[in-house]
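Q: Given next are the chains, with one letter for each unit.
Number of protein chains: 2
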Amino acid sequence: MDVHTQFDWQKGFLLDFSAKDGLSKGVHSTKRALSQMKNMYADAEAFDKAVAAGDPLVYEFYELGAPESAGDLAFGTSIVYPGKVGDEYFMTKGHFHTVLETAEVYYTFSGEGFMLMENPEGDVQLISMMPENVVYVPKRYAHRSINTGKVPLVSFFTFRGDAGHNYATIETKGYRKLVVEGSDGRPVMIDNPRWHEI
Amino acid sequence: MDVHTQFDWQKGFLLDFSAKDGLSKGVHSTKRALSQMKNMYADAEAFDKAVAAGDPLVYEFYELGAPESAGDLAFGTSIVYPGKVGDEYFMTKGHFHTVLETAEVYYTFSGEGFMLMENPEGDVQLISMMPENVVYVPKRYAHRSINTGKVPLVSFFTFRGDAGHNYATIETKGYRKLVVEGSDGRPVMIDNPRWHEI
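These protein sequences, in sequence, are chains A and B. The opening position of the first sequence corresponds to residue 1 in our numbering, with each subsequent residue numbered one higher. The opening position of the second sequence corresponds to residue 1 in our numbering, with each subsequent residue numbered one higher.
No wet-lab data here; the hints were simulated from the structure. Computed from a predicted model, the values in this text were never measured in an experiment. For glycine and all other residues, C-beta sits at the position ideal for the given N, C-alpha and C. Any given hint could be a false lead.
[To be verified] Pairs of lysine-lysine, BS3-like flavour, derived with a Cα cap of 25 Å:
| id | chain 1 | residue 1 | chain 2 | residue 2 |
| --- | --- | --- | --- | --- |
| 1 | B | K84 | B | K31 |
| 2 | A | K93 | B | K25 |
| 3 | A | K177 | B | K11 |
| 4 | A | K38 | A | K49 |
| 5 | A | K20 | B | K25 |
| 6 | B | K177 | A | K11 |
| 7 | B | K93 | B | K49 |
| 8 | B | K93 | B | K38 |
| 9 | A | K11 | B | K173 |
| 10 | A | K20 | B | K20 |
[Stated by the list, open to error] From the structure, some residues in chain B lie toward chain A, with a derived Cβ separation under 10 Å:
| id | residue |
| --- | --- |
| 11 | V51 |
| 12 | M129 |
| 13 | R140 |
| 14 | F157 |
| 15 | F159 |
| 16 | A163 |
Could you build the full structure based on these sequences and the hints that come with them?
A: Right, dumping it as structure tokens:
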């Protein structure tokens with residue numbers, strides 16, 4: 001985790017994020033290689049093979065160290081690279097907010113894909129991510145972005161400073177649904193065969 | 001005020017905002033003509049003349065009717081058009097948040113200008129707005145965006161759903177500082193001759 005402490009959250013500051021590739025010249029990103037996503041893709045054999053063949057960078061994003069207060073806002077970009085593990089598209093780990101009742105806003109700069117969301121009661125929502133469109137991720141929904149295209153899926157996110165990230169629930173249970181490439185070459189949402197109640 | 005109620009803030013939704021002109025095809029903007037900003041520009045004569053000569057559109061922005069809850073987020077674009085009243089650049093009214101301890105994030109798509117901010121104790125911060133850069137507007141600071149360029153200043157903002165807008169303080173007292181075109185043709189920040197404690 002690269003947390004940055006040089007910002008003045010009390011008096012304001014300026015920070016660059018490219019609308020093309022999503023990267024910042026001013027700060028380092030947090031990178032997630034495929035090997036850091038063990039058990040998150042359905043096809044374990046394809047996963048092991050891809051890790052052995054070079055362990056690709058699946059996504060990166062920014063953690064700026066916003067104050068963990070309800071009045072502050074965390075923000076940054078997320079870049080999910082194109083690729084698949086078996087027939088499952090590259091995606092972020094996804095997480096609930098620790099403060100469950102907090103929303104998140106994503107503005108997509110480029111690329112195409114989906115925001116896959118589910119709440120603790122099992123309601124699932126799948127919303128397209130497309131350039132120059134916002135996805136509103138409501139309170140109480142775990143969220144994961146999935147790149148179903150050929151170029152990086154680049155978006156800009158904002159959420160409450162104290163929201164926090166609960167990755168453990170998703171890492172343990174998985175998501176109820178997966179987005180995979182169907183036999184016609186187009187994305188389709190299916191049940192996750194490895195999902196289980198804890 | 002155009003408040004939109006067609007969105008599902010509980011289950012999420014998708015909404016377009018052009019990264020070029022900032023406009024949405026899906027919703028109507030709220031428009032501010034110069035005549036709606038009486039007493040906000042220092043040069044009253046130039047103001048009256050510009051209103052009489054056609055009352056230009058100074059800025060527009062989006063109000064989507066986000067739930068007024070601390071867990072939701074309001075978002076949209078702001079478009080400040082280029083122009084001047086006397087030597088003072090076109091700008092937004094500016095406001096404190098009603099819930100003073102809430103921040104705001106602005107990502108600038110295009111144009112150039114400044115975010116002028118002041119807190120109740122009188123501290124003033126001036127941060128550049130430039131394409132592909134975020135301005136972090138901290139808690140407790142009134143904020144106004146000012147277009148010092150030749151093209152629209154287009155940005156995307158996010159803030160807490162319950163933050164609210166307190167325009168009255170600024171409408172009554174004004175800002176402590178103004179940004180005007182200096183004798184060398186470049187923007188300069190000066191004291192507001194009409195500012196007064198209430």
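Q: In ascending order, which of the hints set out earlier in this document are inconsistent with the structure?
A: 2 and 11
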